[in-house]
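Read off the chains here:
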Amino acid sequence: MSVAIVDYGSGNLHSAHKALERAAREIGNGMDIRLTRDPDDLRDAERIVLPGVGAFADCRRGLDAVDGMVEELNKAVLQDGKPFLGICVGMQLMATRGLEHQETEGLGWIPGDVVAIEPDDPSLKIPHMGWNTLEVQRDHKLLEGIPTGENGLHAYFVHSFHLKPTSPDLMIAETDHGGALTAVVGRDNLVGTQFHPEKSQTLGLALLRNFLRWRP
Amino acid sequence: MLKSRVIPCLDVKDGRVVKGVNFVDLRDAGDPVESAIAYDSAGADELCFLDITASHEKRGTILDVVRRTAEACFMPLTVGGGVRSLEDIRQLLLAGADKISINSAAVADRKIVSDGAEKFGSQCIVVAIDAKNVAPDEWEIFTHGGRNSTGIDAVDYAKDVVARGAGEILLTSMDRDGTGKGFDIDLTRAISDAVHVPVIASGGVGTLDHLVEGVRDGHAAAVLAASIFHFGTYTIAEAKTHMRRAGLHVRNPAEADR
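Heads up: the protein sequence lines correspond to chains A and B, in order. In terms of the working numbering, the first sequence has 612 at position 159, counting the first letter as 1, and numbering is strictly consecutive. In terms of the working numbering, the second sequence has 1181 at position 164, counting the first letter as 1, and numbering is strictly consecutive.
Certain hints may be false.
[To be verified] PhoX-like mimics (lysine-lysine), calculated; alpha carbons at most 20 Å apart, straight line: (1) A:K578 - B:K1020; (2) B:K1149 - B:K1176; (3) B:K1198 - B:K1149; (4) B:K1176 - A:K578; (5) B:K1198 - B:K1128; (6) B:K1128 - B:K1176.
For the record, the hints were derived by calculation from the structure and aren't laboratory data.
Could you build all of it, start to finish, from the sequences and the hints given here?
Structure, rendered in structure tokens:
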């Protein structure tokens, strides 16, 4: 059993790696959690995590620069149906396209665009940075047992753009920052979080444990 | 709703905490990682390490501290102090820092802000501003711990670094730092209202009311303090409870208690 964390030169893989290792230990599962730039490792992996920080276009370029990675991701996720978790820009990359700085094609797994946050209250700060609560739109195993809503646990966000899916069915949870922002999207074996579970203390580790146990 | 953040800041020199961290059950108060773990479980919203290591040869020690912290604490970590180049930023990010605070290097050449934002994303570029009040409603940037004047207006500078891609401003009043008299609220509000990115208020916290003032009157998105937490004057939980009673929105520190 193994989890492949895709390394394409985006920052802060170390934290995602350590948090997944911790989550695996907590559920008493001897999983091999592996950072990898080798598409072959995706073939062997049972689950796949795509992290990402920075700009959409930059991350897309980084992913394309790893020979054969996008092809193997498509195969593992769309054909083989392996559980997939995208984090932050890794989640945004699941979209049809990103509109940060320039128009950039995404992986096209979640129909929708990645657009700038435009809060209805101009005094609200961008980036949306810090701890916010989640409003669940649709039950999902990823959030099972996690208290949500205004009195629930908080997740750590840092982003200026967010993924707007074309269909409300793809929305699993939202957060509020001068209007609803996408917090969790997903369909079938795919799920993505705009916030950083690896930086979200209790909520984050609970979510990662859920992901490691998830059988879509 | 987005919550106001409470951020303890640790001064680290040669891999050791400089000011005492006064927690019960802390085996080694001088180890930044032990202190980070204690703040993590106490419900701090973020952690800030300021590396004040003087010698260039010992600069590597902070990378080890960051790496070990990121292994044990699943919370956001900002690291600053002596960051001079894109390579410094890259190494700290790879070690597990989430945000990098740049101070003198940005004053010397603002290009590091645009280059850093372009290469690593605005979300991880924090510009630290040390400002002194020089005339009514006028503040100037100082470097080298407040010793060197630059002639640069703090509000203009803040606007410029944000335009260049800074994702956050860490604002310290050199007049108030270490005094315990509270933030320079006029300065904090002047900068917060001038930029669209979050501003962290710093310098001068002596009481819990000061934290409230920073957010309520200074319009800061986050408040940073060192001594009141390190010396055990107040806990993070006391700070949060006080802020909540004052009508501010904060994250419950018990969330981190696992």
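Now the hints, each set against the structure:
no.	hint	in the structure
1	A:K578 - B:K1020	12 Å, holds
2	B:K1149 - B:K1176	17 Å, holds
3	B:K1198 - B:K1149	15 Å, holds
4	B:K1176 - A:K578	14 Å, holds
5	B:K1198 - B:K1128	35 Å, violated
6	B:K1128 - B:K1176	14 Å, holds
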